[in-house]
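Number of protein chains: 2
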Amino acid sequence: MKAIWRLTRRKADMISLANGDPHFTLYPIRKLEFEVASVEDGVLDPVSSWRGAGASAPSQSFTTTTHSGTLPLKAAMQYSAGAGLPDTQRVVTDLTNFYHSPPDHVVTLTLGNGDGVSKCFRLLGEPGDHFLTDEFSFSSLTNAPLSHGINWVPVKIDNGGLVPEELERILSNWNEEQQGRRPHVLYTVPCGQNPTGCTLSVERRRKIYALAQRFDFIIIEDDPYYYLQYDADGNEGETFKFMPSFLSIDVDGRVMRVDSLSKVMAPGMRLGWITSSALFHDHLVTLVDSSTHHPHAFGQVFLTEMLSSSGWNISGFDRWVRSLRKEYQRRRDYFLRTFYQEVSRTGLASANAPEAGMFVWMKVHIDKHPRYRSDVQHTNGSKAKTNVEELMEELFERILDGGVVVMPASIFVAPSDLNKFDSDDPIQDRLNFLRLTFAGQEETMQPALARLAQVLKEFFADTK
Amino acid sequence: MKAIWRLTRRKADMISLANGDPHFTLYPIRKLEFEVASVEDGVLDPVSSWRGAGASAPSQSFTTTTHSGTLPLKAAMQYSAGAGLPDTQRVVTDLTNFYHSPPDHVVTLTLGNGDGVSKCFRLLGEPGDHFLTDEFSFSSLTNAPLSHGINWVPVKIDNGGLVPEELERILSNWNEEQQGRRPHVLYTVPCGQNPTGCTLSVERRRKIYALAQRFDFIIIEDDPYYYLQYDADGNEGETFKFMPSFLSIDVDGRVMRVDSLSKVMAPGMRLGWITSSALFHDHLVTLVDSSTHHPHAFGQVFLTEMLSSSGWNISGFDRWVRSLRKEYQRRRDYFLRTFYQEVSRTGLASANAPEAGMFVWMKVHIDKHPRYRSDVQHTNGSKAKTNVEELMEELFERILDGGVVVMPASIFVAPSDLNKFDSDDPIQDRLNFLRLTFAGQEETMQPALARLAQVLKEFFADTK
Numbered sequence: 001m002k003a004i005w006r007l008t009r010r011k012a013d014m015i016s017l018a019n020g021d022p023h024f025t026l027y028p029i030r031k032l033e034f035e036v037a038s039v040e041d042g043v044l045d046p047v048s049s050w051r052g053a054g055a056s057a058p059s060q061s062f063t064t065t066t067h068s069g070t071l072p073l074k075a076a077m078q079y080s081a082g083a084g085l086p087d088t089q090r091v092v093t094d095l096t097n098f099y100h101s102p103p104d105h106v107v108t109l110t111l112g113n114g115d116g117v118s119k120c121f122r123l124l125g126e127p128g129d130h131f132l133t134d135e136f137s138f139s140s141l142t143n144a145p146l147s148h149g150i151n152w153v154p155v156k157i158d159n160g161g162l163v164p165e166e167l168e169r170i171l172s173n174w175n176e177e178q179q180g181r182r183p184h185v186l187y188t189v190p191c192g193q194n195p196t197g198c199t200l201s202v203e204r205r206r207k208i209y210a211l212a213q214r215f216d217f218i219i220i221e222d223d224p225y226y227y228l229q230y231d232a233d234g235n236e237g238e239t240f241k242f243m244p245s246f247l248s249i250d251v252d253g254r255v256m257r258v259d260s261l262s263k264v265m266a267p268g269m270r271l272g273w274i275t276s277s278a279l280f281h282d283h284l285v286t287l288v289d290s291s292t293h294h295p296h297a298f299g300q301v302f303l304t305e306m307l308s309s310s311g312w313n314i315s316g317f318d319r320w321v322r323s324l325r326k327e328y329q330r331r332r333d334y335f336l337r338t339f340y341q342e343v344s345r346t347g348l349a350s351a352n353a354p355e356a357g358m359f360v361w362m363k364v365h366i367d368k369h370p371r372y373r374s375d376v377q378h379t380n381g382s383k384a385k386t387n388v389e390e391l392m393e394e395l396f397e398r399i400l401d402g403g404v405v406v407m408p409a410s411i412f413v414a415p416s417d418l419n420k421f422d423s424d425d426p427i428q429d430r431l432n433f434l435r436l437t438f439a440g441q442e443e444t445m446q447p448a449l450a451r452l453a454q455v456l457k458e459f460f461a462d463t464k
Numbered sequence: 001m002k003a004i005w006r007l008t009r010r011k012a013d014m015i016s017l018a019n020g021d022p023h024f025t026l027y028p029i030r031k032l033e034f035e036v037a038s039v040e041d042g043v044l045d046p047v048s049s050w051r052g053a054g055a056s057a058p059s060q061s062f063t064t065t066t067h068s069g070t071l072p073l074k075a076a077m078q079y080s081a082g083a084g085l086p087d088t089q090r091v092v093t094d095l096t097n098f099y100h101s102p103p104d105h106v107v108t109l110t111l112g113n114g115d116g117v118s119k120c121f122r123l124l125g126e127p128g129d130h131f132l133t134d135e136f137s138f139s140s141l142t143n144a145p146l147s148h149g150i151n152w153v154p155v156k157i158d159n160g161g162l163v164p165e166e167l168e169r170i171l172s173n174w175n176e177e178q179q180g181r182r183p184h185v186l187y188t189v190p191c192g193q194n195p196t197g198c199t200l201s202v203e204r205r206r207k208i209y210a211l212a213q214r215f216d217f218i219i220i221e222d223d224p225y226y227y228l229q230y231d232a233d234g235n236e237g238e239t240f241k242f243m244p245s246f247l248s249i250d251v252d253g254r255v256m257r258v259d260s261l262s263k264v265m266a267p268g269m270r271l272g273w274i275t276s277s278a279l280f281h282d283h284l285v286t287l288v289d290s291s292t293h294h295p296h297a298f299g300q301v302f303l304t305e306m307l308s309s310s311g312w313n314i315s316g317f318d319r320w321v322r323s324l325r326k327e328y329q330r331r332r333d334y335f336l337r338t339f340y341q342e343v344s345r346t347g348l349a350s351a352n353a354p355e356a357g358m359f360v361w362m363k364v365h366i367d368k369h370p371r372y373r374s375d376v377q378h379t380n381g382s383k384a385k386t387n388v389e390e391l392m393e394e395l396f397e398r399i400l401d402g403g404v405v406v407m408p409a410s411i412f413v414a415p416s417d418l419n420k421f422d423s424d425d426p427i428q429d430r431l432n433f434l435r436l437t438f439a440g441q442e443e444t445m446q447p448a449l450a451r452l453a454q455v456l457k458e459f460f461a462d463t464k
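Protein chains in written order, with the UniProt record's numbering: chain R, 1 to 464; chain P, 1 to 464.
No lab work stands behind these hints: they were computed from the structure. The hints are all genuine.
Cut-off 27 angstroms, straight-line C-alpha distance, at most; resulting in silico cross-link-like pairs (DSSO-like, lysine-lysine): (1) R:K31 with P:K74; (2) P:K11 with R:K457; (3) P:K385 with P:K457; (4) R:K363 with P:K11; (5) P:K31 with R:K31; (6) P:K363 with R:K11; (7) R:K74 with P:K31.
The model shown is predicted, which means the values in this text are computed figures rather than measured ones.
In isolation and in its complexed conformation, chain R is listed as follows (with noise of 0.2 angstroms):
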């Protein structure tokens, strides 16, 4: 059918009956205005300008109609690619480029990080192949391709996420015979990592990319928080250099990046964009035709206007992330300022402030637990050595019922056959960790914080 659409530029007078398409003077719509931040030069801190003063915070506006704007309702509404319309991957495009500035890449609108993510994962697994994540990940992507028969491979991770000698040493010593087909695709958050919080360093990234040429894989780079990384001092502000994205090195075209704006804009945006080969492009534009279709045109009017001279262009976007890390920056501060006199001084958990993103891996220090063992053996056939999956389960019941919610490490461990991979070092005996986040209201924090530090007390004197 695409052939045909395209035999319509045969002739220059070529009359079409073929489509069923709505003609636009059908459409019941023929306005759409947004109000938004406003990011000109003097607001000098768009973000705390904006949420601190409510509605009488500096903003800007941007309209759109029929036939006006940088992207008219009569082009946006109709059915278009699934690549997203021309004006709205240029906009993408340019972004892209001006922090990254990829070699020789091509964009592909998606749905948000969800969506992206998981067509990367239909387009590049078959049914038993094996991919590779860090060993605790986010358990609604990492669940998405094991209908598709996928299996995941954990690689280990320490403060500073995905560890290389590790990715190494499984790749090397792979067995094709016993094992299947080598692992062909690597699916990592390098920036504050979900659950974990870890940053990878750039020289982790370097090695890891040097790892994919050798062992020939794909890098699926998911990073919807890139724009939060954090400085050391809090200090560099308009200066702050962002870390290079794996696919700012990519020479081969082997990384699939893929981008959210669900953490610097909002969850119900529901857009993102995958950048990769164009070869991978044209794969994932046949998958879109063949499952969600084109993106909705509202999202791609906003982000076209937003993007552009219209609306904040990719100058004022900058300026607002900018002033987002910040932002985010100062909670974290305070939530481990807190976290560091409620529940550090107990003794009994600790945290490494993250780098980047809006979660902290508080580590429970349950081997001095008076009734933690390490020398358990389990009758359900786990490897275990400890009861550390037991004595944490405990503790997350105990929080709720001290009216704090937390994530346990247990639901971020990437689903796999536990069996086949590190059967001497099993990951049950290192669950005791807490995904905390400083992403809520602030003014929360220090309860939530009190709470939890008097039932770490309470669980550890194994009272109550």
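Start from chain R and add chain P according to the hints.
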């Protein structure tokens, strides 16, 4: 993770440190305004008032802000449920009840028709399964489940659409030992079927539903043209009765109805819904959660305001679609009058008036062509007895050269292992149809049909 979210309700003063949800004060958008066609009582024929009067056409506006509106941005722009925001589900449920009064069903929002249908396919099919469908169907949808290993079983259609007796014959004769599991899914477009324009009569619908009960199959009712049903004399207007849908007669919960706004609002909306049993709904939500995630906020805000008292309300929507129905009926009638004058008069082609939708299925009287043969022995393994396929390819090329784009029947053949089904009456011998649309610009219909007639005359004279 969902189970944990539910636990947040355990205590009244629970504090959450669980989710990475940006606070609504950090969304850079605070106001969204839409200007839409007026459907006030004073406007007798909303569609013709709207399209005729341009910028001076009567309109109405609605505004949503962070805290005001039927669905305020504070709630709409956050992460939400896969089934859609509760307010949006509510208006869509009201709309479905208004037209179909289903006995016991639940709605799940989709990202438009393609997404809805392909999610149904994905939910209901396992690799190796057979699904039933109209022998000519919309290829971009029937291609979707092929990569998941679904096989299509084409069911013959006549002027009245899918033939119940053919369906019964296929199912009665099904041999599970030779052919695998008997088809448990029928995918069909009951109104203005794409590409044939056929509409199933009430009687056929009841027969097909009875077969579904007897052979225990599920009906995927894909009904984008439901609101574009036409009456015989064009005078019924406001009292026109829409045909009862499969959903409205579904007592068993075996119908999954896919609704779309592309044809009655605009294709760029990319928001629709599936109405199904609660059981299928639960599975659909799981599928949404591991693929596209929740639907986009801008569309949900628009639809919620539009179908509430802030916008059209359901009564206004009904006035719009009834007016739109008349508008398309006028176009259909104009198109057909021109077709009869220009094309039918040649005696080389004919067409029936479609009772719904946007398409005319033009039959080419190919057996009148001097090079038509009905005793062909193909060397490529085809069981076709005629050279219809070759002649129609030639005609299609000539029509393009003549400056008109149409859709050939060949691209709508349901993809299947043709040798398996009806090898005595292969569809290749019945490809003498072209799909024409009357949805496009009226000004070009007459010249297009005149050109088409001219090409037909030359082709059948075997000249040029």
